[in-house]
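2 protein chains.
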Amino acid sequence: MSLFTIAVHGGAGTIRKEDMSPEMEIAYKQGLQHALEVGYAVLSAKGSAVDAVQAAVVSLEDNILFNAGRGSVFGKDGKHEMDAAIMDGSNLAAGAVAAVTSVRNPVKLARAIMAESPHVMLSGAGALEFAKLKGLVLEDESYFYSPFRFRQWQQIKGTDETALDHDVKLTDHAAGKAAAEKKFGTVGAVATDMNGNIAAATSTGGMTNKQWGRIGDSPIIGAGTYANNQTCAISCTGHGEPFIRAVTAYDVSCLMEYKGLTLEQAMQLVVHDKLLKIDGEGGMIGVDAQGNASMVFNSEGMYRGVKNSKGLNNVLIYREA
Amino acid sequence: MSLFTIAVHGGAGTIRKEDMSPEMEIAYKQGLQHALEVGYAVLSAKGSAVDAVQAAVVSLEDNILFNAGRGSVFGKDGKHEMDAAIMDGSNLAAGAVAAVTSVRNPVKLARAIMAESPHVMLSGAGALEFAKLKGLVLEDESYFYSPFRFRQWQQIKGTDETALDHDVKLTDHAAGKAAAEKKFGTVGAVATDMNGNIAAATSTGGMTNKQWGRIGDSPIIGAGTYANNQTCAISCTGHGEPFIRAVTAYDVSCLMEYKGLTLEQAMQLVVHDKLLKIDGEGGMIGVDAQGNASMVFNSEGMYRGVKNSKGLNNVLIYREA
Chain F
1 MSLFTIAVHG GAGTIRKEDM SPEMEIAYKQ GLQHALEVGY AVLSAKGSAV
51 DAVQAAVVSL EDNILFNAGR GSVFGKDGKH EMDAAIMDGS NLAAGAVAAV
101 TSVRNPVKLA RAIMAESPHV MLSGAGALEF AKLKGLVLED ESYFYSPFRF
151 RQWQQIKGTD ETALDHDVKL TDHAAGKAAA EKKFGTVGAV ATDMNGNIAA
201 ATSTGGMTNK QWGRIGDSPI IGAGTYANNQ TCAISCTGHG EPFIRAVTAY
251 DVSCLMEYKG LTLEQAMQLV VHDKLLKIDG EGGMIGVDAQ GNASMVFNSE
301 GMYRGVKNSK GLNNVLIYRE A
Chain D
1001 MSLFTIAVHG GAGTIRKEDM SPEMEIAYKQ GLQHALEVGY AVLSAKGSAV
1051 DAVQAAVVSL EDNILFNAGR GSVFGKDGKH EMDAAIMDGS NLAAGAVAAV
1101 TSVRNPVKLA RAIMAESPHV MLSGAGALEF AKLKGLVLED ESYFYSPFRF
1151 RQWQQIKGTD ETALDHDVKL TDHAAGKAAA EKKFGTVGAV ATDMNGNIAA
1201 ATSTGGMTNK QWGRIGDSPI IGAGTYANNQ TCAISCTGHG EPFIRAVTAY
1251 DVSCLMEYKG LTLEQAMQLV VHDKLLKIDG EGGMIGVDAQ GNASMVFNSE
1301 GMYRGVKNSK GLNNVLIYRE A
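Sequence order for the protein chains is F and D.
Numbering follows this note's numbering, with no gaps: position 287 of the first sequence is 287.
Numbering follows this note's numbering, with no gaps: position 155 of the second sequence is 1155.
Worth flagging that the hints you see were computed from the coordinates, not collected in a lab.
It cannot be assumed that every hint is accurate.
[Unchecked claim] Taking lysine to aspartate or glutamate and the EDC-like style, the derived pairs with C-alpha atoms no more than 16 Å apart in a straight line are:
{"#": "1", "chain 1": "F", "residue 1": "274", "chain 2": "D", "residue 2": "1257"}
{"#": "2", "chain 1": "F", "residue 1": "134", "chain 2": "F", "residue 2": "116"}
{"#": "3", "chain 1": "F", "residue 1": "157", "chain 2": "F", "residue 2": "77"}
{"#": "4", "chain 1": "D", "residue 1": "1079", "chain 2": "D", "residue 2": "1139"}
{"#": "5", "chain 1": "F", "residue 1": "79", "chain 2": "F", "residue 2": "18"}
{"#": "6", "chain 1": "D", "residue 1": "1259", "chain 2": "F", "residue 2": "257"}
{"#": "7", "chain 1": "F", "residue 1": "29", "chain 2": "F", "residue 2": "51"}
{"#": "8", "chain 1": "F", "residue 1": "17", "chain 2": "F", "residue 2": "257"}
{"#": "9", "chain 1": "D", "residue 1": "1079", "chain 2": "D", "residue 2": "1018"}
{"#": "10", "chain 1": "F", "residue 1": "259", "chain 2": "D", "residue 2": "1257"}
{"#": "11", "chain 1": "D", "residue 1": "1274", "chain 2": "F", "residue 2": "300"}
{"#": "12", "chain 1": "D", "residue 1": "1017", "chain 2": "D", "residue 2": "1300"}
[Unchecked claim] Quick list of the computed label-pair ranges, beta carbon to beta carbon:
{"#": "13", "chain 1": "D", "residue 1": "1265", "chain 2": "F", "residue 2": "27", "range": "25 to 33 Å"}
{"#": "14", "chain 1": "F", "residue 1": "139", "chain 2": "D", "residue 2": "1139", "range": "36 to 44 Å"}
{"#": "15", "chain 1": "F", "residue 1": "195", "chain 2": "D", "residue 2": "1027", "range": "52 to 60 Å"}
{"#": "16", "chain 1": "F", "residue 1": "265", "chain 2": "D", "residue 2": "1118", "range": "29 to 37 Å"}
[Stated by the list, open to error] Listing some non-contacts, in silico: residues in chain D with all C-beta distances to chain F over 10 Å:
{"#": "17", "residue": "1020"}
{"#": "18", "residue": "1117"}
{"#": "19", "residue": "1123"}
{"#": "20", "residue": "1137"}
{"#": "21", "residue": "1150"}
{"#": "22", "residue": "1195"}
{"#": "23", "residue": "1196"}
{"#": "24", "residue": "1211"}
{"#": "25", "residue": "1220"}
{"#": "26", "residue": "1246"}
{"#": "27", "residue": "1298"}
Each residue gets a CB set at the ideal place from its N, CA and C atoms; glycine is no exception.
Bound-form chain F, shown alone (with noise of 0.2 Å):
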């Protein structure tokens, strides 16, 4: 039996300790270790990596905090168009979803399109009817209404502008002085099973204003998402378009399958140094069919967390020394 490991992230960006109030700095960290404990769950039980993963983020697309499912940020039109994909490293199967609405939890209709479709991504209306098709829950708008994510949106409705989820200031909101700086939302986990199989999703409600049907990193295989059992499975959180053009997740396979680096160095490489060359801001987790985990951001900060068969356990939100 190999070491299992669980991690997920929920956004990076500007968080900084200074602007996050004691009882929001709880809030996150409950809702991350919440989810590390229902993926680890999975893996304790014997079940497989895509499953824990998939169990991890519906977690996070369930908390009203984090940018996917019921949290998603208003677009233009007042309506959540989200995105989500799973891959699963054993087989290279992948599902993926882009500017989809209504649907509760974006990252199961991913799953369900990798397990039950002859295809890797579905978009807007037609993914929709693949969903109802599938029997998937369904929400209407006011399950996805939140008044800080409301506000969020009014304060640059009518406008051009788009904000990457906590990017608006909300000086009047409570909950909103940390989540009013600059962050990436999105959520995210990765696992390597008991046998040594090894998974990566990724969900989010994209950017507040969006429109155009925008699609980001996170539903593209390879960029926001890949998982491959020779190599590694990561899920990305960051500003999407940098994260596309550097085909990010599937760069750090690269640099492990065909330079030899270790996870952690080729993390390290993909966002300390070619992120940066484009203005990428954000980061990644990732882990090894070994079960090695590492989480890397070149931002303030970046909700995320780690849970193994060895016992280690952490949730973090700011850099640490």
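Position chain D relative to chain F; hints supplied.
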């Protein structure tokens, strides 16, 4: 002044000489030659690689023989949903559009997204809205109508089957004999300009009877399209799903950057080894900054052509010894 080169493709698949009428063979070759000429004209007038690939792809989009732009296949609801991408290897700028309707030249929309939006990828109705904002030429359904494509669709509409362009038998149609065989309908171009800058562009009408907003590899940066002056510019054509899972175009780039393979070596390895292992049928065209070009496929044929400033001019369809 370095060697300048343009290569184009018009799809790959089961394309056999014995199934092709002499007239159709001439028509396909003329279409490919025309695309080479317009791309080459840009390069020889000291134009950029990105302008050259756009011009070549526009020429193929405007040609009803190829499954892109005007010749796009019918989707499930009788509409034409198109995907395209373009990438500039000199600065890693990229633009892509997925599941857009009505736009005469989706590659021009991808270019506008790259040049005039803060985003890399737009989709669906939102992408059409952006196209209108930028004044791109729109067409009604009659522009995209061809009796041949309509009959393809009629043969499988009402079912849940999809067909990869010419995968539908059309024994009653003179032009259909060659095209009736399995073929992956996509067009693309790659180019090296006088300054040693390279670029890639890809455009497609997807699969006949396509549903659920399916997105293939063509508009995915790293999968169907990629360009980086340090390595290569690649445009793929094939069964989109395995090409997405293999992050095909960027894999060629990584094999060159991290393992030191030549363009030709990297393309051979990806097409004949890595793609085949996951049933990835199709091919790709590529150039590097020195003006070397390569065209590699694992299917029976690929509509393709290459032209360079040393006088090379080749237009091919089948496997050649």
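Margin query: Check whether the Cα positions of residue 1274 (chain D) and residue 300 (chain F) lie no farther apart than 16 Å.
Written below: 39 Å, violated
Next item on the list: Measuring Cβ to Cβ, find out whether residue 1211 (chain D) lies farther than 10 Å from everything in chain F.
Entry: 6 Å, violated
Margin query: Please check whether the beta-carbon of residue 1137 (chain D) is more than 10 Å away from every beta-carbon in chain F.
Written below: It holds; residue 1137 (chain D) is separated from chain F by about 18 Å at its closest Cβ, greater than 10 Å.
Notebook entry, point to check: That 29 to 37 Å hint for residue 265 (chain F) and residue 1118 (chain D) (C-beta), does it hold up?
Noted result: 32 Å Cβ-Cβ, so the 29 to 37 Å window holds.
Notebook entry, point to check: residue 259 (chain F) and residue 1257 (chain D): Cα distance at most 16 Å?
Noted result: 10 Å, holds
Item checked: Satisfaction of hint between residue 257 (chain F) and residue 17 (chain F), Cα-Cα up to 16 Å -> 37 Å, violated
Item checked: CB-CB spacing for residue 1139 (chain D) and residue 139 (chain F) relative to the 36 to 44 Å hint -> 37 Å, holds
Notebook entry, point to check: Is residue 157 (chain F) within 16 Å of residue 77 (chain F), Cα to Cα?
Noted result: 8 Å, holds
Item checked: Nearest-CB test (10 Å) between chain F and residue 1220 (chain D) -> 6 Å, violated
Notebook entry, point to check: Can we confirm that no CB of chain F comes within 10 Å of the CB of residue 1196 (chain D)?
Noted result: Holds: least Cβ distance 20 Å, greater than 10 Å.
Notebook entry, point to check: When you look at the beta carbon of residue 1117 (chain D), is every beta carbon of chain F farther off than 10 Å?
Noted result: Nearest chain F Cβ is 7 Å from residue 1117 (chain D), so the label is violated.
Next item on the list: Verify that the Cβ of residue 1150 (chain D) lies farther than 10 Å from every Cβ atom of chain F, and report whether the claim holds or is violated.
Entry: 21 Å, holds
In the structure shown, a violation is registered for the earlier hints numbered 5, 7, 8, 9, 11, 13, 18, 19, 24, 25 and 26, in ascending order.
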